[in-house]
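Peer 1: Here's the letter readout for the chains.
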Amino acid sequence: MSAATVLNAAEPVEAFLEQEKEKGLLRFTTAGSVDDGKSTLIGRLLYDSRSVYEDQLESVTKASVGRNAGAIDFSLLTDGLRAEREQGITIDVAYRYFATPRRKFIIADTPGHEQYTRNMVTGASTADLAIILVDARKGLLPQSRRHAYISSLLGLSQLVIAVNKMDLVDYDSRVFHAIEQDFRHFLGRFHSIDSYFVPISALRGDNVVTRSSNMRWFAGPSLLEYLETVPVGNRARTASFRFPVQRVVRPDQEFRGYAGTVVSGAVSKGEEVIVLPSGRQTRIVGIHTFDGDLETAQAGQAITLTLEEEIDISRGDMLALPDDLPHVADSIKATLVWLSEKPANLGGRYRLKHTTRQQWASIRRIDHRININTLDHESADALAMNEIGVVDIESARALMFDSYSTNRATGSFILIDEATNATVAAGLIAGAVSFESAAFDYPADVAWQMDAGKLILSLGGGADALGNPREPQTIHDPETLKALDSLLRRLGIAWKPNRKD
Amino acid sequence: MPTLSHLQQLEAESIHIIREVVAECAHPVLLYSIGKDSSVLLRLAQKALHPAPIPFPLLHIDTGYKFKEMIEFRDRYTAELGVKLIVHTNTKAHAEGANPFAWGTQRCCGALKTTALLDGLREGGFDAAIGGARRDEERSRAKERVFSFRDARGQWDPRNQRPELWSLYNSRIHAGESLRVFPLSNWTELDIWHYIHAENIPIVPLYFAKRRPMLVRGDSLLPVEQPFVPRLPGEEPQYVRCRMRSLGCSPCTGAIRSDADTVPRIIEELITFRRSERQNRVIDHDQDGSMELKKQEGYF
Numbered sequence: 001m002s003a004a005t006v007l008n009a010a011e012p013v014e015a016f017l018e019q020e021k022e023k024g025l026l027r028f029t030t031a032g033s034v035d036d037g038k039s040t041l042i043g044r045l046l047y048d049s050r051s052v053y054e055d056q057l058e059s060v061t062k063a064s065v066g067r068n069a070g071a072i073d074f075s076l077l078t079d080g081l082r083a084e085r086e087q088g089i090t091i092d093v094a095y096r097y098f099a100t101p102r103r104k105f106i107i108a109d110t111p112g113h114e115q116y117t118r119n120m121v122t123g124a125s126t127a128d129l130a131i132i133l134v135d136a137r138k139g140l141l142p143q144s145r146r147h148a149y150i151s152s153l154l155g156l157s158q159l160v161i162a163v164n165k166m167d168l169v170d171y172d173s174r175v176f177h178a179i180e181q182d183f184r185h186f187l188g189r190f191h192s193i194d195s196y197f198v199p200i201s202a203l204r205g206d207n208v209v210t211r212s213s214n215m216r217w218f219a220g221p222s223l224l225e226y227l228e229t230v231p232v233g234n235r236a237r238t239a240s241f242r243f244p245v246q247r248v249v250r251p252d253q254e255f256r257g258y259a260g261t262v263v264s265g266a267v268s269k270g271e272e273v274i275v276l277p278s279g280r281q282t283r284i285v286g287i288h289t290f291d292g293d294l295e296t297a298q299a300g301q302a303i304t305l306t307l308e309e310e311i312d313i314s315r316g317d318m319l320a321l322p323d324d325l326p327h328v329a330d331s332i333k334a335t336l337v338w339l340s341e342k343p344a345n346l347g348g349r350y351r352l353k354h355t356t357r358q359q360w361a362s363i364r365r366i367d368h369r370i371n372i373n374t375l376d377h378e379s380a381d382a383l384a385m386n387e388i389g390v391v392d393i394e395s396a397r398a399l400m401f402d403s404y405s406t407n408r409a410t411g412s413f414i415l416i417d418e419a420t421n422a423t424v425a426a427g428l429i430a431g432a433v434s435f436e437s438a439a440f441d442y443p444a445d446v447a448w449q450m451d452a453g454k455l456i457l458s459l460g461g462g463a464d465a466l467g468n469p470r471e472p473q474t475i476h477d478p479e480t481l482k483a484l485d486s487l488l489r490r491l492g493i494a495w496k497p498n499r500k501d
Numbered sequence: 001m002p003t004l005s006h007l008q009q010l011e012a013e014s015i016h017i018i019r020e021v022v023a024e025c026a027h028p029v030l031l032y033s034i035g036k037d038s039s040v041l042l043r044l045a046q047k048a049l050h051p052a053p054i055p056f057p058l059l060h061i062d063t064g065y066k067f068k069e070m071i072e073f074r075d076r077y078t079a080e081l082g083v084k085l086i087v088h089t090n091t092k093a094h095a096e097g098a099n100p101f102a103w104g105t106q107r108c109c110g111a112l113k114t115t116a117l118l119d120g121l122r123e124g125g126f127d128a129a130i131g132g133a134r135r136d137e138e139r140s141r142a143k144e145r146v147f148s149f150r151d152a153r154g155q156w157d158p159r160n161q162r163p164e165l166w167s168l169y170n171s172r173i174h175a176g177e178s179l180r181v182f183p184l185s186n187w188t189e190l191d192i193w194h195y196i197h198a199e200n201i202p203i204v205p206l207y208f209a210k211r212r213p214m215l216v217r218g219d220s221l222l223p224v225e226q227p228f229v230p231r232l233p234g235e236e237p238q239y240v241r242c243r244m245r246s247l248g249c250s251p252c253t254g255a256i257r258s259d260a261d262t263v264p265r266i267i268e269e270l271i272t273f274r275r276s277e278r279q280n281r282v283i284d285h286d287q288d289g290s291m292e293l294k295k296q297e298g299y300f
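So the protein lines, in turn, are chains A and B.
Using my numbering, the letters of the first sequence correspond one by one to residues 1 to 501.
Using my numbering, the letters of the second sequence correspond one by one to residues 1 to 300.
It is worth saying that the hints were derived from the structure and are not from the lab.
Built from N, CA and C at the ideal position, the CB exists for glycine as well.
Relax, there's no trap hidden among the hints.
Derived DSS-like pairs (lysine-lysine); straight-line CA-CA distance at most 27 Å:
1. B:92 to B:113
2. A:23 to B:47
3. B:210 to B:68
4. A:21 to B:47
5. A:269 to B:47
Listed next, with one range per pair, are the computed distances between beta-carbon atoms:
6. A:291 to B:225: 31 to 41 Å
7. B:202 to A:283: 35 to 45 Å
8. A:360 to B:159: 26 to 36 Å
9. A:381 to B:152: 30 to 40 Å
Bound-form chain A, shown alone (with noise of 0.2 Å):
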C-alpha cells in the first residue's frame, strides 16, 4: 500500500513538494491479539488517511466473500500472506505506510497471539511507540500487561493505550475510565513512560482519524492527531555522541575515511575524539558526504569521517568524546529475549553482533528469569524460545556500549546460532559484570602493588626479578581491580580474567 496524501485542489504541487520536504517520521509499533480489532484499526488508519488503492479494495472485498465479514473487512488490507489468510490469522511482523500532510508513519503490525513475545520485541525494537489496545467490553487482559511490559523493556517513552469497540458498551465514559484508572495503577510500574488513553471504535472510525460526535464527554485529540504531534526522536539527538564505524574508505592514496552512522549526538569538526578500544585521541578533520562536506553532523546521518592522524582503525571501532566515554568491558549483564525454538545453551558459543562489531560471545550464567505475566523473578537454567532472562555475557573482545536504557543503538544486541545462522536472541545491555561479584585471577605477566593508595604496575614476562616464575595473582579487593583494570586498558593491555566464583 502506497501512502498517498490527499492533495487540495486549490494547492498547487509545489507547495505540496515543499511541505514535503519537512515532513517527520514516526515509527510506532501495534499490539493487540486478533479479537481487539487491531487489524481492523490499522485497516481503517490506512483507509481513512486515503493510503489503500482501489484496486487493493477490490481484492479483498473479493476475497471477503465467503468469509464472515461486512461490506469491507479492513483486517484484510493488512493480513499479507496466503497462509495466513486461509487461517484467518497474522504469523510474523508486517511493516505498513501511510502519511498524513504532517507526519509519514511506519506501522510494525504485531500479531498479538502467536509467539507474541519474539514478534513484539521485534516489531518494538525499531518503533518510538507502541499502540495497545484493549477491548473496551473485556478490560485489562494479562496480555495487555505483557505488551506494557514488553514496550517499556524496549525503550518505548510514549504508549498509546486505545479503548477499542466502545460501540459496543454505548460509548459509556464509566467503561473507558474504569479501564484507564486499572491500567495507569498498573503502568506505575515503568516510570519513564509517559501514555495517552483514546477512546475509539475502529470498526465505526470514532476518534480514529476524526474526533467521535459519539463521545462528546472526551475532550482529548484522536488517535491520529496525536500521533501527527507527539514529539519523537529526542532520546538519540540529547544522547551523548558514538559513532561506530562501519568502514574503512581507502578509495586511493590520499583519502582515508571512515564511513558510518552517527547513533546518537552529534560532533562538528575540528573535536577532538577518542577512538575505542585503543584509547587514541585525535582530531575530526572532516565530515564528508556526497552532498558535499558538513560542519556537523547529529544523530541519524550516514557520513564519513577523516581525522587528523593516521590511526590504525577498523570496523567495529567506536568513536566518542573524551569527556564522555562509553563503557568498555567484555562480561557484561543483559537482558535476554529468547527468539529460537532451540533453548538457549549455556557455555556454549555464539556469534555476538553489536553496533558494527561481529565477535564470539557465550552466555556465562542466568541470574534470573522474568515471567512476564507477574513480572516476577524467577531461578532458571535455561531459556527456552519467548522467555526472557537476566543473564551474564562474555565476549572475546571488548564491546563498547552504554546502558540499553540510555542508549538504543550502543546498548543492543543479538545473537547468532553457530551451526544455523539463525538469530536466536535480542539482548539489551544493562552495565558490565561488575567486579564485587567475584574475584578474578591476573595474568602472570603482569606485577601490582599498591603503594601508599597509588597502584603500581610492573610489566614484562611471566617470571619475577630473580627469574622464579610469577604465579598468577588473585584480586579481591574489587577497588583496586577497577584501578587495575582501567590502567592495564588504557596501556591497551589485552587481558582476560580467569573469574573465580
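With the hints as your guide, set chain B onto chain A.
Peer 2: Just chain B, lined up with the frame of chain A:
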C-alpha cells in the same frame, strides 16, 4: 539543529544497509531492473560508498522483452556512472519460444525471470543480491526482511524468517546460501518520486506522458513493441497520450492515460490517483497471492 525529515531518515537508513552489505558480504551484486526504484538504489549506492566508486557489479536479468527505451537508458546510464553491468538472459528458454502468449505468463516469468535470476546469481558466484523491492508494493512483501535469507536453491521460506531487530542485520550464511537485501524496504512509491524530484535522478522516459502507439482495449492500453502480441480482428494501434507507472516486459505492462510529463506532475497524479502501481502488471493477477508463490520459488 533541525530534525531530519522523513526522506533524510530513509536515505540514511538505506545508506547504512548498503554499507553493511559491502562490509559483511563477500560477493554482493546489485540487481538492476532499470526502473525508477533501481535508479534511486543506484544513487543511494553512490552516496553510501562515496568517495570510492561502486565496488560491486550490476546484474540485469534481461527477458528480451523489455522496452527498447529501457535498454537504451540502461546502457547509457550505467556507462555514464562507470559501473560494471552484467546482463543475463535465459537464452535456452528463448530458443524454445518462451513468450507470455505462447507459454502463459506464469511459465514465461518462471523461465525468463526466476530461472534466469537464479542462474545469473549462481554463475556470478554472488552471495548477496541488493534489490529495489519495497514493502508497500504488494501484500506479501510487507513481511519481507531487509536482509532476507535464501536457501541453497534460492528459495524464500516466509514462515521461517530470521527475526530482524534494531538495525542489527544478520548477514551470516553457509556456502551456497544467499541473501537478498532490500535497502528501500521502508520507502513508499511517493517517497521514491519525491526523492527522484529532490535529487534530480535520471529515469527512463517511458515514465513521462507522451503519445505512444497502443492497443486500446477498454481501460487497458497495451504496448505493441513485440510482434507476437495478438491482435483482435481489424485491431490497429492508436496513438494515445500515456505513460508507464511501473516498468516490466512490454507485453505484460499496461500503460495509463496521463498528461504527466514532469516529475512534479507525476507526483500530483499519484496523490490523486486511486490505483496501485502494480495494478497494470498482468503478472500479479494470475492467482490470489501469486507474488508470494513466485517469491517462494526464488523470484525477486
